[in-house]
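In order, the protein sequences belong to chains A and B.
Count along the first sequence starting at 1, add 49, and that's the number in our numbering.
Count along the second sequence starting at 1, add 776, and that's the number in our numbering.
For the record, the hints were derived by calculation from the structure and aren't laboratory data.
Incorrect hints may appear among the rest.
[Stated by the list, open to error] If we take Cβ atoms under 7 Å as the criterion, some of the chain A residues that face chain B in the derived model are:
no. : residue
1   : ALA76
2   : CYS78
3   : SER80
4   : ALA122
5   : ASN165
6   : ARG271
7   : ALA277
8   : GLY286
9   : GLN289
10  : ASP303
11  : GLN314
All residues carry an ideal CB built from backbone N, CA and C; glycine is no exception.
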Amino acid sequence: MTQNSRDLSRRRLLFGGAAVGAGVLLAGCTSNETEPTAAQTKGADAAASGNAAPGQKVVIGFSAPAADHGWLAAITTNAKAQAAAYSDVEFKTVEAGADAAAQRAALSTLISQKPNVIVMLPHDGKELNAAGLEAMKAGIPVVNLDRAFPDALAYRLQIKGDNYGMGVAAANYIVAQLKAKGVSNPVIGEIPGIDSLELTQERSKGFADTLAQNGLRVSNRRPAEFTADSGQQAATGLLQALPKIDAIWNHDDDQGIGVLAAINQANRKEFFMVGGAGSKKAMEDIQADNTVLKATVTYSPSMASSAISLARLIGQGKGMSDLVELQVPKEIILASETITKENASNYLKLGF
Amino acid sequence: MSEATPTSTAAPDRAAKLPAQSPPVDPAETAAAADHAVSGGRLSWWRGEGGEGAKRNLGLIAVLVALVVIGALTRPDLYSNADWVWANTLTILKLASVVGVVTVGMTFVIIGGGIDLSVGAIVALAGVWATTVATQSYGAGGMIFCALTVGLGVGLVNGLLISYGRLVPFIATLAMLVAARGLAAELSDKQTQVSNNTTINDIASTNLLGIPLLVYILAAVVIAGWVLLNRTTFGRRTVAVGGNPEAARLAGINVKRHTVMLYALSGLCCGIAAIMLTAQATSAQAAMANLYELDAIAAAIIGGTLLSGGRGTIIGSLLGVIIFSTITNLFAINGLTSEAQNMVKGGIIVAAVLVQQVQFRSLTQFLGRNRLTTT
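Put together the whole structure using the sequences plus the hints.
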């Protein structure tokens, strides 16, 4: 009996010790100090124009969804860094939480604090339209970042990327390459992100429209979910369906990590691939030119930095110094640029 | 959960089927037998309802064959190439491997009368934890150790909360789903963490004797699960605890401790799956393994696992996973949309359960009445 209980307590001690040991080991494994990607800012000192000089103090409120994607994380990082670059900007951020309802609640708190300008990337432009109206009604100009409000009264400035243009740019690059290679009747694959999102549909439409103008079409389209593991699965399906491929457009460089992995695992290299968004890793791969990834079309999170700069100008009542107008314009749509091996070095600092 | 999960749902069913015993073709189906063992029944356990489990699995194989035939009819150009068909079969198995490993753990939990909604989140957390810069510095061994320990640890927490904290499994694992993804997002700083370890990444691209390593891992986990469920005291106890926890307790089984072990096992399977998925995607992030809990539960259910516990087979669950990955593959090679695919998946879940409920009962009764089955 005593023997038994001694055995038991020894076993417990062993297990307990092992558990504590493993716990300590694991806790040591949480540090994650990668080289931080430099935020995409334009320093106040860099521009010699009058706008950069410190002026009237501006309080900017900022709200963006909790990021689970590199692009969204870069949006928040950029906004923070750009605000820090100005001595006359006070930056107040409220995390938007998990969904549109949570963001609406966070925004009403923000509005009650009366910042001079609000910059927000809504979960969904349609669902947050009312919050935009509320802020504008309270006399706070709203800068809508990337996801448009349907109601023009709900924002002072809208700055966004060009989803349709991304598809156009990707298709143009693919068409040019295929023509240069003299491929007739090419097989083109497409790996979009989450298919139910409007942005995905716009990208795909731009891609399909431009291909159609050149008499081409997408042979197979397997949507992923903006994550690397879903990209890997979608790409595996695509490769299986098409024994011979000439070109692939993958909408998103983050999921592209998985897409490239699937291509390596299937040992396929008879085609070239175009990415989307413009992550740092994708640009490095393009520059190194050792994968099928030959180009990526941008949808740059640097727009968050620009949004902060413009919000500051709005708060100070100034215009953009290169334009004739005395005020900031109402709408800015960034062009989607094509990054290839030749110009990748220029864009590396904008990668996220 | 250890308090009274009624077995009444299964009981009449079983009574109806008892006369219709067939030879022990597939001993995987053991549920009823364990109950009998616990309550002093005299049936030798591996006979039990073995015949019925085999029939159910045969039904799943028929579905699988039908899917392949549909594939061959819709894409004859691809299916006429034997090399392509072989490569495609391996692709389907590779696609099934990660969810398959998760499903083995899930099957144990469900047979034991519980449910684990946190598996996808555990895979993500283990994957993210194993690919932090600090963990990667310890090499492949460190990453594997980390993923397995994190999986096991989170599973243990689930089990302890359910057994000793008396939380309903649904609530405890739902809370874990949210919390584990939150922790994963915190650790990864919401970024995609690329795995730079070639040993880990090679797991997904290595072939042994022409068969991918991932498929061997799946096979090893399935065989281990099968042996554990059908050939060990642990397996017998799992069935007993899920079938009738009160009877199990009276029979001297430490129901609480056993429940903890079941969730720990499920967590461990998630740890294995995390390494496999990280290798496939050569990266990990907090949003990975999205909705794997639903895939695993669905596969277990169409594989014949009783959601209220006490019955289920590993082989059935495996077939369930393979059917789902075959559907995904079928839609991919035909270039159909994923919306249609999800609708078909939903339909198959319902159909599989309906068929099992209606068809098998009447079929076995019919066979029993007409004395078409012999022992």
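Going through the hints against the structure:
1. ALA76: At 10 Å from the nearest chain B Cβ, ALA76/A fails the 7 Å test, so the hint is violated.
2. CYS78: Holds - the Cβ of CYS78/A comes within 7 Å of chain B, reaching about 4 Å at its closest.
3. SER80: Nearest chain B Cβ about 4 Å off; hint holds.
4. ALA122: Nearest chain B Cβ about 4 Å off; hint holds.
5. ASN165: This interface hint is violated because 28 Å lies over the 7 Å limit.
6. ARG271: 6 Å, holds
7. ALA277: 4 Å, holds
8. GLY286: 3 Å, holds
9. GLN289: 5 Å, holds
10. ASP303: Interface hint status for ASP303/A: holds (5 Å vs cutoff 7 Å).
11. GLN314: 5 Å, holds
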